[in-house]
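All chains, full assembly: derive it from the sequences and hints.
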Amino acid sequence: MSQKFVCNCNGTMPLDAKALGVSVHQSLCRQEVGSFIKALDGSEELVVACTQEAALFSELAEQSEKPLVAPLRFVNIREVAGWTQEAKVSGPKIAALLALADVPEAEPVPVVQYESQGRLLIIGPGSSAIPWAEKVASTLDVSVLCTGPGDLPLTRNYPIYTGFVTKLEGYLGNFSVDWDLQNPIDPEMCTRCGACIEACPENAIDLSFQIDLGKCKSHRACVSACASIGAIAFDRAQRNRNAEFDLVLDLRTDPKLRMSQTPQGYFAPGKDPLDQALAIGQLMEMVGEFEKPKYFVYNDKVCAHGRNGKVGCSACIDVCSTGAIQSVFKNGQGTVEVNPNLCMGCGACSTVCPSGAMRYNYPSVTHQGKELKTLITTFSAESAKPNQKVAPSLLFHTLKAGTQMIDALGRLAHVAPKQYEGLPSFLIPYGIEHIASTGLELWLGALTFGFAEVTLLLSGDEDPAYRAALEDQTKLANAILKAFGFDERIHLVMVDSVEDLQTLSKAMGVLRQRGALPSICASASFGFSNQKRETLEAVLEHLQKHAITPLPEQGATLPKSALLGGLAINADACTLCMSCVSSCPEGALIDNPDEPILTFIEKQCVQCGICTQTCPEQALTLQPRLKTVEQRKQKVVLNQTQIFHCISCGKPFGTAKMVDLMLAKLGAHGAFAGAAMERLKMCGDCRVVDMVKKEL
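So for the sequence shown, our numbering puts the first residue at 296; every next one is plus one.
In case anyone wonders, no lab produced these hints; they're calculated from the structure.
Backbone N, C-alpha and C fix where the C-beta goes; we use that ideal spot for every residue, glycine too.
Be aware that one or more of the hints could be misleading.
[As the list claims (entries may be wrong)] Below, in silico cross-link-like pairs of lysine to any residue (SDA-like), each with a Cα-Cα straight-line distance of 20 Å or less:
1) K665 to Q826
2) K510 to L476
3) K605 to T907
4) K684 to L315
5) K695 to V788
6) K695 to T798
7) K383 to V317
8) K713 to A802
9) K898 to I885
10) K898 to K928
11) K430 to L573
12) K930 to N887
13) K596 to E632
14) K930 to M873
15) K383 to R706
16) K430 to M579
17) K930 to L846
18) K801 to Q380
19) K589 to M639
20) K898 to Q826
[Said to hold, decoys possible] Distance ranges between label pairs, derived from CB positions:
21) Q929 to S338: 55 to 63 Å
22) Q849 to K313: 54 to 62 Å
23) Q533 to S433: 29 to 37 Å
24) K777 to L961: 47 to 55 Å
25) K777 to L956: 39 to 47 Å
Below is the structure:
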């Protein structure tokens with residue numbers, strides 16, 4: 296347990312110190328700050344229920360002679376509870392938020408290293424790129440790639456190139472840039488003597504030392520004037536250039552990298568001089584060694600991306616906005632490869648991954664499960680004390696953007712309660728690194744823990760692919776709930792930006808007027824596993840146990856994006872060639888070495904579709920659906936047939952259906968005309984022997 300400092304902020308919140316089990320201060324950051332300073336010498340972990348003065352308390356902790364037992368932690372109870380319209384009944388929520396601060400921190404994750412020596416490339420028109428280069432050349436190892444004209448400086452203090460960018464890729468400390476030297480004058484060879492300017496009869500060359508090819512009449516007087524230097528060549532064969540840099544400032548109006556989350560070390564601020572200056576300021580700080588968390592864990596053994604040369608699931612590749620995930624095929628087996636330096640930690644790949652091969656790890660699902668269990672347990676215990684037990688709702692939000700919105704809304708709800716609605720007393724905010732990193736196993740798992748509903752706050756800065764993925768996953772989660780007879784309990788609140796507080800306020804008002812909802816089922820006792828399918832199976836089993844209506848025998852239909860489902864087979868078309876078995880990456884399809892039987896375990900199927908692409912007869916069709924846990928565990932026969940034995944030696948060499956198919960397709964072939972058709976009923980060895988006998 297920790298020592299908690301709760302401040303009532305000059306008496307503006309109706310806090311019940313006895314119910315909370317803590318001492319409440321009135322001005323902790325002012326007259327009563329001494330009590331905090333005294334606690335710094337103690338042996339307990341410290342939690343401060345105030346985020347406004349986090350900088351002050353952090354500074355005091357740094358100045359303390361005795362090292363802290365654990366990092367100082369902060370909890371905001373004011374804007375999310377104490378300053379809302381329902382502050383008087385927000386005690387259980389405040390208690391839950393304080394209890395969350397006592398949960399041990401997540402296990403540290405591996406880190407990704409960056410190293411930058413300050414090699415900066417500025418790309419853009421010379422008129423804007425060169426002035427910035429002049430300003431930073433004394434601090435950074437700058438180079439300029441002019442994509443448009445601009446007067447060159449008199450002194451050669453840094454490299455200046457010209458041309459058209461053909462390729463730009465990489466990340467902080469490791470950018471590679473290719474460009475095409477289109478102009479006849481190579482600025483790297485040019486001494487800027489001005490002889491070409493004087494010699495040109497059309498005045499097609501200016502102080503940018505580039506030839507205006509629209510004015511040039513091909514007199515080549517400039518070539519003669521530059522003969523001793525050789526910087527001008529109209530027939531240059533090798534125009535491709537390449538160089539590596541640590542940082543890139545892209546001042547073009549049409550920047551090369553257009554993803555919503557650009558790599559570390561790449562800035563495209565646009566035309567605004569202020570934005571350009573801010574980017575320069577950040578670039579100046581990007582020299583040295585840096586690190587960030589490795590957000591993901593990838594298990595190629597359960598990946599359903601590809602098999603036998605066929606591409607199945609590519610959900611993670613499609614949703615990744617940074618281009619960090621690539622398809623890799625080796626010896627026919629397909630996996631994905633993630634560049635951790637390009638990964639920005641959105642976690643959308645783990646949300647859409649059907650098999651759990653891609654797992655978000657910052658923090659792990661196991662840790663999030665422990666935190667959610669703490670929230671629901673504490674809230675339920677506190678709300679039961681006055682015999683007014685209420686099931687809380689859960690609000691997922693991106694840690695940085697969501698916190699900014701919720702705090703701002705809470706403040707406005709306090710000072711202008713008639714215009715803005717704060718969070719309802721039953722709605723508990725839960726910040727995560729990125730809203731796209733949370734998936735249906737976590738949402739449905741929260742409902743089985745006892746939360747009444749789950750709301751996702753999208754703050755407007757998400758990539759469109761993330762929003763689409765979350766909408767699809769929300770539809771799937773609600774379809775699963777409806778299959779068991781429950782109401783839809785997973786919702787999205789989508790605002791335009793972090794400044795769009797009116798939309799958020801309206802959504803909170805709707806929830807407050809509606810009131811709290813009851814839990815859909817009794818609380819589950821299991822914990823979350825880091826294995827996605829394992830957690831999902833436990834959740835489905837619990838929901839099925841408490842279902843309002845039983846699932847239909849044939850299963851409940853789910854959306855096409857479902858990661859659950861079965862297979863329909865056209866038994867007449869299937870020849871039991873078993874190519875689908877060898878292609879299935881999850882072991883859902885099984886053959887029998889002793890007899891031609893194709894069996895299927897639905898629980899193992901992730902609906903990747905590789906089997907349907909592999910089947911030569913196109914006899915398989917995916918069926919997104921939800922069957923009972925018992926049905927999904929069973930091994931069911933999809934198709935079976937008789938073994939066909941060689942009519943010559945009696946050895947089994949295929950199925951009766953396969954031989955019938957060969958007779959139908961090859962019977963008209965000259966090699967098998969007449970009595971030779973019997974060869975189709977022979978094994979390979981006997982067929983050769985029979986052909987040799989006939990020739991003799």
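Structure-based check of all given hints:
| no. | hint | in the structure |
| --- | --- | --- |
| 1 | K665 to Q826 | holds, 15 Å |
| 2 | K510 to L476 | holds, 19 Å |
| 3 | K605 to T907 | holds, 10 Å |
| 4 | K684 to L315 | holds, 17 Å |
| 5 | K695 to V788 | holds, 17 Å |
| 6 | K695 to T798 | holds, 18 Å |
| 7 | K383 to V317 | holds, 17 Å |
| 8 | K713 to A802 | holds, 15 Å |
| 9 | K898 to I885 | holds, 13 Å |
| 10 | K898 to K928 | holds, 6 Å |
| 11 | K430 to L573 | holds, 14 Å |
| 12 | K930 to N887 | holds, 12 Å |
| 13 | K596 to E632 | holds, 13 Å |
| 14 | K930 to M873 | holds, 16 Å |
| 15 | K383 to R706 | holds, 16 Å |
| 16 | K430 to M579 | holds, 11 Å |
| 17 | K930 to L846 | holds, 19 Å |
| 18 | K801 to Q380 | holds, 14 Å |
| 19 | K589 to M639 | holds, 9 Å |
| 20 | K898 to Q826 | holds, 14 Å |
| 21 | Q929 to S338: 55 to 63 Å | holds, 57 Å |
| 22 | Q849 to K313: 54 to 62 Å | holds, 57 Å |
| 23 | Q533 to S433: 29 to 37 Å | holds, 33 Å |
| 24 | K777 to L961: 47 to 55 Å | holds, 51 Å |
| 25 | K777 to L956: 39 to 47 Å | holds, 43 Å |
No hint from the list above goes unmet by this structure.
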